[in-house]
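A.B. asks: Protein chains in written order, with the working numbering: chain U, 336 to 478; chain P, -6 to 502.
All the given hints hold, so there is nothing to weed out.
Listed below are the simulated SDA-like cross-link pairs for lysine to any residue, each with C-alpha atoms no more than 20 Å apart in a straight line:
| id | chain 1 | residue 1 | chain 2 | residue 2 |
| --- | --- | --- | --- | --- |
| 1 | U | Lys396 | P | Arg424 |
| 2 | U | Lys396 | P | Glu427 |
| 3 | P | Lys98 | P | Leu243 |
| 4 | P | Lys98 | P | Phe289 |
| 5 | P | Lys244 | P | Asn284 |
| 6 | U | Lys392 | P | Leu484 |
| 7 | P | Lys486 | U | Phe390 |
| 8 | U | Lys396 | P | Glu219 |
| 9 | U | Lys396 | U | Leu407 |
| 10 | U | Lys392 | P | Arg424 |
| 11 | P | Lys245 | P | Asp286 |
| 12 | P | Lys245 | P | Gly290 |
| 13 | U | Lys396 | P | Leu422 |
| 14 | U | Lys392 | P | Ile419 |
| 15 | U | Lys392 | P | Phe482 |
| 16 | P | Lys244 | P | Phe278 |
| 17 | U | Lys392 | P | Glu427 |
| 18 | U | Lys396 | P | Trp216 |
| 19 | U | Lys392 | P | Val483 |
| 20 | U | Lys396 | P | Thr220 |
| 21 | P | Lys244 | P | Gly102 |
| 22 | P | Lys98 | P | Asp286 |
| 23 | P | Lys486 | U | Asp393 |
| 24 | P | Lys98 | P | Thr242 |
| 25 | U | Lys396 | P | Ile419 |
| 26 | P | Lys486 | U | Val389 |
| 27 | U | Lys396 | P | Gly221 |
| 28 | U | Lys392 | P | Lys486 |
| 29 | U | Lys396 | P | Leu418 |
| 30 | U | Lys392 | P | Leu422 |
| 31 | U | Lys392 | P | Arg487 |
| 32 | P | Lys486 | U | Pro391 |
| 33 | U | Lys392 | U | Ala343 |
| 34 | P | Lys486 | U | Gly385 |
| 35 | P | Lys241 | P | Asn284 |
| 36 | P | Lys486 | U | Ala386 |
| 37 | U | Lys392 | P | Trp485 |
| 38 | P | Lys98 | P | Gly290 |
| 39 | P | Lys486 | U | Ile388 |
| 40 | P | Lys280 | P | Thr242 |
Keep in mind that the hints were calculated from the coordinates and are not lab data.
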Amino acid sequence: MTVRALGAAVFLIAVAFVTIGSSYRIEYGDPLGPAVFPLLVGGPALFLSGALIVFPKDSHKWGTHAALMKLLAGVACLLIYAFTMETVGFLLATFAMFAVLAWLFGANGRNALVAGSVAAPGLFVLFDIVLGLPLPAFGEMIG
Amino acid sequence: MEIYNQLLHGLIVALGPMNIGLLLAGCFFGTLIGSLPGLGPVNGVAILIPLAFSLGLDATASMILLSAVYYGCMYGGRISSILLNIPGDEPAIMTTLDGYPMTLKGRAGEALAISAVASFVGATVATVGLTLFAPLLARAAIYFAPEDYFALFILAFITIGGLGGADPRKTLLAACIGLMIAMVGIDPASGVPRFTFGWFDLYDGINPIVALIGLFALSELFWLLETGFRGSSPTGNTSAKSRLPSVKTLKKTAGATARGSALGFIAGILPGAGASLGAVISYAFEKQISNRDGTFGKGDERGVAAPEAGNNAASGGALIPMLALGVPGSGTTAVLLAMLISLNVQPGPLLFERNPDLVWGLIASLYLANFALLIMNVPLVSIFTRVLSVPVWILLPLVASVSFVGVYSISHSPFQMVTMITFGLIGFLLRKCEISLVPVVLGLLLAGDMENNLRRALSISGGDYEILVQSPISLGLYVVAALFLLLSFVLWKRDNGRSELIEDSQQIS
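Chain U on its own, in the form it takes in the complex (with noise of 0.2 Å):
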C-alpha cells in the first residue's frame, strides 16, 4: 500500500512536471532548449511510477501508532528548531531540541534535560569558538 501511494504520488508530481517542463520556451541558439531534458527525465518517471502503481510490491510495515506519534513529534521538532533558531539564540533552541530529541529516544526527563543543557553550550564552544563558525548565541532577543 505505501509503495502504490508513494508512485501515485510521484506519478502526480511528474505529470505536472512534465506539463510544466514542455512549456518552456527560448527562441534562439541552443539547439536542445530548456524543455527537453526534463521531458527526457519525466517520460521514464511517469512509466516508472505508472507500474509501482499498478504492480507495487512492498514488505515493510509501518511502526506501531506510537512510534508514528514519535516520528511526528520528532519532524515538528526539528522544523520548530529550523524556524526558531536565529530569533531564540543557538544556546536556547539546541537545549531545546536536544532536550526534546532525547527524550524521544529514550531518555527519563532528567537525563533529557542534563543533556541538553551540557551539549547546547558544548556545541557552541566547539563550532563557533573552537572552529570558527559564527553561530547566533542569543539570536535577536539580546543584542
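Add chain P to chain U, keeping to what the hints say.
C.D. replies: Same frame as chain U, now just chain P:
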C-alpha cells in the same frame, strides 16, 4: 616510473603539516563514526562536508580529510559488529556473522585484530589498484566525446542498482526523482528558471549538500524514531582489549584476506555495487570454498577476515570511477563527488592533468591513512570500544545538531534548514518503500553534467539527435546498459523475496 614520480610528488603534498593533521583527525573521527551504530560512511561524510567548507579548506585538504573519514569508517564499522552484534554501518553486516560468535567464545580481542589486519590488506590492495588503474582509465576517457559521456551517465543510472536483486523499477525511479529535483533552478544555458514557481529561494536550485545531509543523516534519525532503535542499550562486552594477532592466525586467514581483497576491489569498481556488496560477495565466496568443517557462522576467523578485506577493498575501488570518470559507483563516493563539485573541482579525465596535486596527494594520503588506521585499530582499539556505551538518546540528537550547524554554517538560512528536513522526510519515505537513496543522490549530482553533455553533442551535430548513437563508444555503452538492465530484471524476478539482507544493506550505502 612516471607513477613513482607522481606518487612521490603526492607524498610531499600529503606530508604537509596541515594535511597530515587533517589525515590523522579524519582517521580518528572516521573510526569513531564508523563504530557508532546508526552512523556510517555515507552520513558521517555528509554531515562533515559543510564543516570542511566553513573551515575554508581547499579541495585537496577537504578531500584528504573526508577520504580519511571514509576509510576510517570502513575500519570502525567492524567494532560494534564484533562486540555487540550490531553492525556499525551497512557494509559491516557480514562481519557480525562470525565476529560476534568469536566474542561469545571470549575471542573478541583476536577478532578485532584479525579484522583490522584484513581491513588493512583490503584497503592497501585497493589503494594500489587505484594508483595503477585510475590514471589508465582517465587516459582512456580523454577520448570520450559529449555524446559518449551522455551514454556513460545512462549506463551509470542503469547499473547503480547493482545486481543485488533489488527491484530495478524502484532504482530507476529513484534516479529519475534525483534528476527531476536537480532540474529546479535557473537553466544555466538558456537562463530560463525551471520549476521555481517564482520562489526566489529556488532560483539557485537545490543545494546538493543540504539535500544529502537530509537524505542520509536526518532520514536515519526519522527511521530510528519510527522503528525504535533495535538493540538499544549495549549490554555486550565493550571492554575487549585487542592483541596482536599470532602468526598462526595470520597464516590461517591469509587466503581469505587475499580473496576478499580481490573480490571486494572488483565489486568496488563496478558502478552501483559499493562496499556492502563487496563484503557480501567476499563472505559468500569464502564460505563456499573454506567451510569444510561447518565452522562458518560459529566464529571462524576466515569469516571475519574475508568480509572486512572485501568491504575495505571495495571502498577504495569505488574511488576509481569517481575520480577518473566523474561517475561515482557508491553512496559515499557520490557524497565525495558532491563536495568536489561544490568546490568547483570537476572530477573526470581532466582532473588528473589539471589538478595532479589533488589526485596524487589524495592517493598518497590514502596509503598513509591505512598505516595510521592500522595503528589506531590494533593497539589503540580500546579507545573506540569505550564509545560504544554512548546511549542513543545522546548520539542521535548530536547527529541532528551537527547536521543543523553544518547546514547553517554554509547557508545562514532557515530555508536551507527546512530543505534539509524535507529531504530527510523524502529519504525516510523512499526507504520505507525500499527505494535506494543512492540513485537519487546520483541523479541530483549528475543531472547538470548530463544535460550539458547532451547540449554539447547537439551543438556539434546542429540539433540532429542521431549523433547520440553514431559513435562506437556510445553504442557500446548503450549495449552494455541494455544488457545490464535485462540482467537486473532477470535477477530480480529470480530473487524475488529472497535475501532481505542484501536489499537492506543496499538501502543506504
